[in-house]
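These protein sequence lines map, in sequence, to chains A and B. Numbering (our numbering) for the first sequence: 1 to 231. Numbering (our numbering) for the second sequence: 1001 to 1230.
Worth double-checking, as some hints may not be accurate.
Selected chain A positions facing chain B (Cβ under 10 Å, derived; list incomplete) [to be verified]:
{"id": "1", "residue": "Asn133"}
{"id": "2", "residue": "Val141"}
{"id": "3", "residue": "Ala224"}
Keep in mind that the hints were calculated from the coordinates and are not lab data. It should be emphasised that the depicted structure is a prediction, and the values quoted were computed from it without experimental measurement. Here a beta-carbon is modelled for each residue, glycine too, at the ideal position from N, C-alpha and C.
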Amino acid sequence: MLDLSPAEWTAVTLSLRIAIVATACALPFGIAVGWLLARKNFWGKSILDGLVHLPLVLPPVVTGYLLLISFGRKGPIGAFLDAYFGIVLSFRWTGAALACAVMGFPLLVRPIRLAFEAIDRGLEDAASTLGANPLLVFATVTLPLALPGTIAGIVLCFARALGEFGATITFVSNIPGETQTISAAIYTFIQVPGGDAAAARLVLIAIVLALVALIASEWLARRAALRFHGE
Amino acid sequence: MTVLAVNVEKRLGTLELDVRFSAAGGATALFGPSGAGKTSVVNMIAGLLTPDRGSIALDDTVLFDAAAGIDVPPYRRHIGYVFQEGRLFPHLSVRQNLDYGRRMTGRTRDVGEFERIAALLDIDPLLDRRPRMLSGGERQRVAVGRALLMRPRLLLFDEPLASLDGALKHEILPYLVRLRDDARMPMVYVSHAPAELRAIATSVVQLYAGRVVAAGGLELLDKAGGDAFG
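Assemble the whole structure, with the sequences as input and the hints as a guide.
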């Protein structure tokens, strides 16, 4: 039934790769920022909060353009990465992953922050009286207790990354085999005569992937809840 | 011989806490009405709350000295703490809760010690359960075991029985008395219930509005008139 052409397959696997890499790279930063926002008071906290949420409210094409002028080869960060690390992001799939990570970041941070805020600080005190230094308290009590929220954030970020279109296409364009994700491929197929069937197949795949991500998150969240509350 | 010497001052909202007492071995009761500052004093001994001024010493170790700039963090004080609500880790089994202190300090497993304490507190049948599946009394017994297994130099109790009903209190108190007499564990025991303190305490420090108003033996509990602080 689903007879995908090699080009369509490439778009699907590339989308998955970009979304997985984007989510995995964003996760440590998401945990750090979520923790900072939940637990610390510092100068510029509301600025950090605003910056994190900006991609949620800006037009994606604006986010993509900002990425292009800062991470492009001639942009200040892009030129630095190219000169010292040989990393080029513009018009590469890695750039697409960066765009997706930035776009998914607010969705990742929010549930993690709420999870940190909901943790009973008394449990952390108890851990420290039992001999756990602050790092161990974080690793053995805080982080495990924030796991359900972290899973929710991962799923939201992954889903966002999988469907991201505007920022990605602005930053890294729409190059088959390099930066053409499912969304970009669907857009391309719709533009050309006779591309409807290919577009429909990819639409179907997009729906299935989204459903699988949702079901997986439900299952993981239930397992985490069982660990805390049941046998 | 003085085991614990406390001399602390701290401003907590409208309460001016200024508490001095020393304790030999046995179980020292911190006794007084709600809001007298009992829990704050215990938190300062544990290192969870920093005094504004003063000092705290345990045996020969200075745990806190504002003037000398000494403040040993809680995880290096080796003081066990049994909280009112138990505070068992919900994501760990009873066994993992009991084992937590040993794992965090990187000590090697001592099966004999583990079994002895589990037997003392009758918690061996509970080892594979989650804290959620325990009764209030079981939870507090596990909390005591968890604090004991970190090999504390002193045990702090903050109203450990307050959330339990009468029958359950009598279920737990004998274990604590055994701990006091057999293991010779020095304790500081916070409560506002004279009956409970009569069963466990060997000396009494009476607090009122952030100050020590009396220190002495169990007869202080009688003078306080039981119900007055109920």
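Hints, one by one, checked against the model:
no.	hint	result
1	Asn133	holds (5 Å)
2	Val141	holds (6 Å)
3	Ala224	holds (9 Å)
Hint check: no violations occur; every hint is consistent with the structure.
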